[in-house]
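S.K.: Protein sequences appear in the order of chains H and C.
Quick note on this note's numbering: the first sequence kicks off at 1 and runs consecutively.
Quick note on this note's numbering: the second sequence kicks off at 304 and runs consecutively.
One or more of the hints may lead you astray.
Said to hold, decoys possible - A few chain C residues facing chain H, derived, Cβ under 7 Å:
id: 1; residue: TYR333
id: 2; residue: ILE411
id: 3; residue: LEU419
id: 4; residue: GLY430
id: 5; residue: ASN441
id: 6; residue: ILE461
id: 7; residue: GLY462
id: 8; residue: GLU554
id: 9; residue: CYS556
id: 10; residue: LEU563
id: 11; residue: LEU600
id: 12; residue: MET607
Claimed, not checked - Covered stretches of chain H, as calculated for chain C (at least 3 residues, CB under 8 Å):
id: 13; stretch: 62 to 75
id: 14; stretch: 94 to 101
id: 15; stretch: 116 to 129
id: 16; stretch: 236 to 242
id: 17; stretch: 279 to 288
Said to hold, decoys possible - One side of the interface only, derived from the structure: several residues of chain H facing chain C at Cβ under 8 Å:
id: 18; residue: ILE35
id: 19; residue: GLY111
id: 20; residue: ALA112
id: 21; residue: ILE136
id: 22; residue: TRP231
id: 23; residue: ILE246
Calculated from the structure, these hints are not laboratory results.
Cβ atoms here follow ideal geometry from the backbone N, Cα and C, with glycine treated the same way.
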Amino acid sequence: MQVILEQLINGLTIGSFYALIALGYTMVYGVLKLINFAHGDFFTFGSYLGYTVLVFGAAFLTAHFGLWGVLSVALLAAAISIAIVGVIVERLAYRPVYKAGRLPAVVSALGASIFIQNAIMVIWGPRFQAYPSELIPNAHLEIYGINISLLQVIILVMSFLLMGVLYFIVQKTTFGAAVRATAHDRKTAALMGININKVIFFVFTLGPALGAITGVMVGMYYRQISFTMGWNYGLKAFTASVLGGIGNIPGAMVGGLILGVLEMLGAAYISAAWKDVFVFIILILVLIFRPTGLLGEKTAEKV
Amino acid sequence: MEQATGSGIRKYITAQPLRLALVVAAFLIYPFLVSDYFIDIAFFFGIYALLGLSLNIVLGEVGLFDFGHAGFYAIGAYTTAILNTKFGVPILVLLPLSALAAGLFAYIVCSPVIHLQGDYLLIVTLGLGEIIRLALINNPFDLTGGPNGVFGIDFPSIGPLVVDSSIEYYFLIWILVGLSIVGLLSLQHSRIGRAWNYIREDETAANASGIDSRKYKLLAFVLGAGLAGVAGNVYASKLMCVSPESFTFMESCLMFCIVLIGGMGSIPGVLIGAAFISLFPEIFRPFAMYRMLIFGLAMILMMMFRPGGAWPRKRGAVGLKSLLDDTGRSDA
Chain H
1 MQVILEQLIN
11 GLTIGSFYAL
21 IALGYTMVYG
31 VLKLINFAHG
41 DFFTFGSYLG
51 YTVLVFGAAF
61 LTAHFGLWGV
71 LSVALLAAAI
81 SIAIVGVIVE
91 RLAYRPVYKA
101 GRLPAVVSAL
111 GASIFIQNAI
121 MVIWGPRFQA
131 YPSELIPNAH
141 LEIYGINISL
151 LQVIILVMSF
161 LLMGVLYFIV
171 QKTTFGAAVR
181 ATAHDRKTAA
191 LMGININKVI
201 FFVFTLGPAL
211 GAITGVMVGM
221 YYRQISFTMG
231 WNYGLKAFTA
241 SVLGGIGNIP
251 GAMVGGLILG
261 VLEMLGAAYI
271 SAAWKDVFVF
281 IILILVLIFR
291 PTGLLGEKTA
301 EKV
Chain C
304 MEQATGSGIR
314 KYITAQPLRL
324 ALVVAAFLIY
334 PFLVSDYFID
344 IAFFFGIYAL
354 LGLSLNIVLG
364 EVGLFDFGHA
374 GFYAIGAYTT
384 AILNTKFGVP
394 ILVLLPLSAL
404 AAGLFAYIVC
414 SPVIHLQGDY
424 LLIVTLGLGE
434 IIRLALINNP
444 FDLTGGPNGV
454 FGIDFPSIGP
464 LVVDSSIEYY
474 FLIWILVGLS
484 IVGLLSLQHS
494 RIGRAWNYIR
504 EDETAANASG
514 IDSRKYKLLA
524 FVLGAGLAGV
534 AGNVYASKLM
544 CVSPESFTFM
554 ESCLMFCIVL
564 IGGMGSIPGV
574 LIGAAFISLF
584 PEIFRPFAMY
594 RMLIFGLAMI
604 LMMMFRPGGA
614 WPRKRGAVGL
624 KSLLDDTGRS
634 DA
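Next up, chain C with everything else stripped away, as it sits in the complex (with noise of 0.2 Å):
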């Protein structure tokens, strides 16, 4: 590991060349080799990596429990349907003005809330999360639909190429999973991500060393909002209609779950994480109505047998260093 201390992609390109490469080519070719029904699979493994990236940045490297994440892919995913639909504003556009949205957002609700600790946050961002939910399906101002949602929102499109088919989709999903996760590890290895794992070791002590634990938590709040927007964005316009539905306690608690199964902070685990969430109940649809009852018990036993998660960021890595760490073993 010690070759790899510095920073940047090259380094770990240098490091690991032959598995990097493997992954990309695999998510390349993937496509080509299977139906429309696995590719679209896959792109669901992609929107439920995107968000479990954004709920990590809060969660897994700050250590908040934000258990009203959903709220924050529903703002996104609103913005996106209403201002389609409504004002024809075209989705690509959309893309950066929905992570706004969620952001901002973010910003305005969790000011007032930011102090709280522990538990009592978990209490907030839930309640924060059904107030948007149970907002949504009342229908203020005629906008949202009510309970059936907003119908007929675009194919995202630069000219005249148009995403519009499921293996477009797929490259669109992880091009911008691939784009988060290079942001992400340059920001754990900046003084924002230090500050943050700080906070998140003792908070106490960040402060006496003059870390503004408030700045740094709100921030993390933003900005895991606006990647939640920014997914939420894309599933509106693949699914083409968002309805509150999608949105549910249940929907924050599996992205707790992605980030806690993974391991805290550790952005391969992420990508297990969803992997487990999203393809565990496709695998195991022939049990049919015994698919979630194994799934519950697949989540009790990942527990049991990997308390740190399935892929546990190991301590004081930070940036493209936890990534080469593959022991899977933590001291923390």
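Just chain H, same shape as in the assembly (with noise of 0.2 Å):
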């Protein structure tokens, strides 16, 4: 039992990651119907820019914030550049395609993830690099016999909060009807009075910034970043993305976690070696029968 509730815990916290860089995806999806094959690039982006922040700023930082000044730092630095780089992409590679179609949008996306996943590699080298090992204190914590690391926990309860904050304003704001109202039909919702390139660039400056401060926290996590992760991260949160249904931005929380629990209860139980295809495999059945994803509408496709 108590195996399975730290697996479970385990499975969250990755779980966590997937949904936070899922949301990326799922927003763009949702107003511009779109992957952002890049966004996954925007994660590994972060996770560099907080590796340069802890690494070369943490002597100084150290002295004058001390621990929590050092993390909130790096985490706020990579957010806000990457949201910097988000719209600049957008400006760039997106706008002047997406007039002419969905297609050649994935193909200017595939070339924008392809261009910033080099440049990583030209600015900080094509080795792995290595996170700061004594950043947090190794702490355990044990719940009825659960361990639990202080981590594990400062990652979760980050993540739930930064979700929570982004279903409140999602939800419950008029910012938050606007975009939804803009995922849904996004001419309409022009003809309602609603700014679209306001939504855009809402959608492409949070997304990237989620992207950001996850590329941050993996990188305290597992320690080892490498210039090329953000495929592997990138194609897990676009396979949540979907699970849950893609446009759907509670969906992609729920998939993510579902996804990261399946994968950790997978390695445990069944094979670590075959934990990935035993994701697809469950991800291939969802859609055979509920071919919108979990929390997807049906919507009738227009003829």
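Now that you have both chains on their own, put them together as the hints suggest.
M.R.: And the structure:
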């Protein structure tokens, strides 16, 4: 029982990474019907920026602001810089293309992904980089015999906080209603006086920022980052957003968490080597029986 | 363009004899002028052309988003590798067998998911491609050799003629590409090709006029996978080894780009797209680290300035007529 619960906690940790990245995919998809292949690379870029702050600024920042100060600076610096990168990529690579249709935008997005990935390689070099190891005290909490590390607690609290805030913005505020309306039907939303450009700006700042924060958390959790890791996480997160119903914001959160838990349980009880196969088979089965994902609405295909 | 409304190679030859002769002559003379290195580059251009043609059936003709095409390519390559190294089956016998294996596999895995629309089909095919790659890494029944792959694959041979030099491989792949182009052009002109294009333009209307869209979509997947299987066979024997890292998601993405950079459903477009994907990184080799950076940038610029592709197919143009349209303009 304890083992299952511990695996569940591990699964939720990884799942919250997937969920936070999936939010970026699903928001952009909802508004533009574009699969933003560069999103996984935003995540990697954020991870590397956080690494730079933590490695090169740690001594100075710790002396002035303490441990939590360093972490906040790293997270904020990554989030803000990547939000700016997100907007730039949207302006330069996507905006000139998406009036031509969806498929050219796919190629453009792949091009942007290759570009960012290789830019990271040129800046930081092709080798693995390691996050500083003694950043968070290596403490463990024991709750009813279940072992949780302090780092996991911080990651889980932060992820759920971020998801909660995003959920509140999107579901409860007027601007959130505008985002949802745009995702539902862009043309009609524009006719109702919603500023589509503002909505696009919103999804291309918040999505990449969430990705960057996740990148820093992944760096702290696994300690090792590489310039190609965006592909793997991006693929999983994209899978998570489709599992939940692409374009649906709560769906991405649920999909990410389910994917993480399934992956961990698969690794523990089936086989570690086959866990990803297990995840993809579940995804395909879900789509065969619920073709629009778990929380996706059934919409009539426009004729 | 009016003189070429009929079908048949002859019409094309009579319409554009000089250009066709020049292209064929260039392909024939090229390998005798350059070193083995450049012949090999042209060989991989041929492999990508074949892969582009195979994905073009699914994506270009029918408009189905297939992001797992590298999986079918892998099935072909591994069928060749395993049957050749374990049972000594000759490579040329395995050429149709690999195509059959990949086609059969596509039929089995695509049957239950063919009803999915657009992006949902995309993620399912992507998942299938990943499942194949991960399965190859995990070495089921000790057949696939895990992450290292399978080594020691033979050269293709007919009697005393053994294909074992760069120049012979060059001719092998380009003969296959040439045959595929002839076949696909006549397919464009057939009932099947028209049904495919109808489904791409409007599936509901196609169904309403009595086209069994499920059947035709599956047929496209099977044919596309079969052709990718052929490419896998030649690739495996050329490299003499296969490993899972040749069949990643990135490879599927590159095939997707070949079709879109050239122009959906356009056969000359596929050749241009394949040339871009295979030659560009070679041309920019002196830039070393910045090479892929420029590659990514070029992809964005291509789509910005020619969103319909480099050589788009004219709407309604089928068969050889589509080849004659060299204005590069599309009204789609």
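S.K.: Hint by hint, say whether it matches the structure.
M.R.: Okay, the hints, checked on the actual structure:
1. TYR333: Result: violated, 29 Å to nearest chain H Cβ.
2. ILE411: Since the shortest Cβ distance to chain H is 13 Å, the answer is violated.
3. LEU419: holds, 6 Å
4. GLY430: Since chain H brings a Cβ to about 4 Å from GLY430 (chain C), closer than 7 Å, the hint holds.
5. ASN441: Holds. Min distance 5 Å.
6. ILE461: violated, 39 Å
7. GLY462: violated, 43 Å
8. GLU554: Violated - the Cβ of GLU554 (chain C) stays beyond 7 Å from chain H, reaching only about 12 Å at its closest.
9. CYS556: holds, 5 Å
10. LEU563: holds, 5 Å
11. LEU600: Hint holds; LEU600 (chain C) Cβ to chain H Cβ min 6 Å, cut 7 Å.
12. MET607: holds, 5 Å
13. 62 to 75: violated (count 0)
14. 94 to 101: holds (count 4)
15. 116 to 129: Answer holds; 6 residues pass the 8 Å Cβ test.
16. 236 to 242: holds (count 3)
17. 279 to 288: Answer holds; 6 residues pass the 8 Å Cβ test.
18. ILE35: holds, 7 Å
19. GLY111: holds, 3 Å
20. ALA112: With a minimum Cβ separation of about 6 Å from chain C (threshold 8 Å), the hint on ALA112 (chain H) holds.
21. ILE136: violated, 32 Å
22. TRP231: holds, 7 Å
23. ILE246: holds, 6 Å
Going down the numbered hints, you'll see the structure goes against 1, 2, 6, 7, 8, 13, 21, while the others check out.
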